[in-house]
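Read top to bottom, the protein sequences are chains L and F.
Letter 132 of the first sequence, counting from 1, is numbered 131 in numbering that gives the first Met the number 0, and no numbers are missing.
Letter 152 of the second sequence, counting from 1, is numbered 151 in numbering that gives the first Met the number 0, and no numbers are missing.
Do not take every clue at face value.
Since copy identity is lost for identical chains, a pair holds within one copy or between any two.
Calculated cross-link-like contacts (lysine to aspartate or glutamate; reagent style EDC-like; alpha-carbon spacing at most 20 Å) [stated by the list, open to error]:
{"id": "1", "residue 1": "K152", "residue 2": "E123"}
{"id": "2", "residue 1": "K102", "residue 2": "E123"}
{"id": "3", "residue 1": "K152", "residue 2": "D317"}
{"id": "4", "residue 1": "K102", "residue 2": "E203"}
Because the hints were derived from the structure by calculation, they are not lab data.
Values in this document were obtained by computation on a predicted structure and should not be read as measured data.
2 protein chains.
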Amino acid sequence: MVQIPKTPAAASRAPRSAPTSTDVARLAGVSRATVSYVLNDTGAVRISEPTRRRVHEAARELGYVPHAAARSLRAGHSRMVLMPAPAIPAGPLYSRFLSELQKALGHLDYTVVQYGSVGLRGDEAARAWAELRPVAVLVPGADLGPQGVAVLKRSGARAVVTLGPEPVEGAHALLMDHRTVGRCAGRHLYERGRRRIGVVVPEEAGLEAFAGPRLDGVRRAVRGTGTTVTELPLAYDERAAAALAARWRSLRLDAVFAYNDEYAMLLMRALQDEGIGIPEETAVIGADDLMLGRLLRPRLSTVRIRLPSGPQLAELVDRAVRDPAAAPVRRRVLDATPVHREST
Amino acid sequence: MVQIPKTPAAASRAPRSAPTSTDVARLAGVSRATVSYVLNDTGAVRISEPTRRRVHEAARELGYVPHAAARSLRAGHSRMVLMPAPAIPAGPLYSRFLSELQKALGHLDYTVVQYGSVGLRGDEAARAWAELRPVAVLVPGADLGPQGVAVLKRSGARAVVTLGPEPVEGAHALLMDHRTVGRCAGRHLYERGRRRIGVVVPEEAGLEAFAGPRLDGVRRAVRGTGTTVTELPLAYDERAAAALAARWRSLRLDAVFAYNDEYAMLLMRALQDEGIGIPEETAVIGADDLMLGRLLRPRLSTVRIRLPSGPQLAELVDRAVRDPAAAPVRRRVLDATPVHREST
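Only chain L is shown next, with the shape it has when bound in the complex (with noise of 0.2 Å):
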């Protein structure tokens, strides 16, 4: 089952330790400078197919692999995109949202690198991904600030996109506004005739970027209407949701906005095993449109969230690395649309 790879020649010839481009000019006949020409792919120099072929085949009998390090220290830059990785487990949307971006930047012959920034924040953390002299950056988020789109352009990024509520001075936007969810959920439950409002907004860290907004939305869609807003801290569990159940009828609500679908489900199946009525008694939305919100009865209510789809953002950032001067753009890229079912 496993195969060792033949190379005698590497076997004979090679050091012990990583094979450098001096062993594989000797190999092939040539000159160091020529095998940089050749594996770089610089174009900056003529170089026969013959030559270019003896380089290939003795690099890859050596096992030589070039260093993106040294070559992106000659080029100036890399084809890296950098991302962080989300510092809490990605959900389904943005699971999605993101391997579809990686699709995307890979045919545009990017390779995109998710960086784990334990602990650091903010500008500390463009530091750290400075030092990867990534060609571009892609950052989810609003703790980016000037100063660290400073860092990584002075670090050779040719284009820092943020993707978060705020333009960051110096760096294209595309602005992602969470208002918008909660003032589309606030709507539609308003146009169903709903007065007293819960909105969720879950414990879990990492979550207040988006439930602040959310709920802010709901408060400005229903403003001057006489509709009352209610916060209702949750944690993503079933005790956390019986308990906020078995005093719902004190609360007098006759609709909830639950953040998402998934803790509208936690929270519609704690309503439900307390015998409360929806839609009749407590109407419920979610958010995300995700699959579960359908397979429920009676089917979750949502509000739908567009988000540029991987070819757009692909583009976007390709068009922002070949012209490094051009002006930051400021795109509004978060799209919300009520989804009706049966349980509002």
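With chain L fixed as given, assemble chain F onto it according to the hints.
Leaving out everything else, chain F in the frame of chain L:
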């Protein structure tokens, strides 16, 4: 709101391109070698605290960021642990595992980098990873071969750890045999008196590596008992589930292992809509023990899967990095136990 960093010295003295260690040396009034000693913290040379401080201040003022690439070229390796990013959107179990592992490696001062290798497979991918010169590589799945391991090691990786069904020559192996999951589900259904078992095999690309072994595990669990096992291909959408449910009675099954909890939720809903009694007519069991299974009615039986904990795995990586000559570790890490609820 937007603050431009105040760096008058930088503005007047620094070049417009990325500041170099030479610029730092000039501003701090020390030699370039001193800058390198201080910023790379080699510990090879003793340097006084005031000098150290001067260098750090000059670096900060100029916005100088050391080049990880250059640093790893000098040091011969980095603190980077590379993992290929999953090709399909990660499920909740894997997302949680990943972010736990990331945190644990971060505490040991490693940086986890997830590498999106779109279109690259096997040893070709290994070559791309090697270019980043990671100190350790952690590869889920079965795609890496012994040649890929050799390439990584030659490029300076001190530890290569695979998470997959089979060990790979030269690498440490955390053995994850998904037949264990199928065996656990099959045994549970058999013990509940079921003798005609369907097994859902997702049609989604990328899941074959798990679905095949799980099916195989069910077969092994009931071998020689006269129990039949029927393969049920299923796409993750409502129409496909409804179509399968519509012909359910003609299949004459009394139980189904639905691949995981999410497919179980999808199929259970379709069976219920078809009026099929669960568990009376058909017992349903999922896998992963997600929260959603507890929220269904009847409550979903499942297979709880224990992956190695983040800190455990991080420690193994760290030990392997410290002692690259140690014999490869082989450890079975996937643990499966049935969780009996109401659906079986």
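Self-check item: Hints breached by this structure
Solution: The structure breaks none of the hints.
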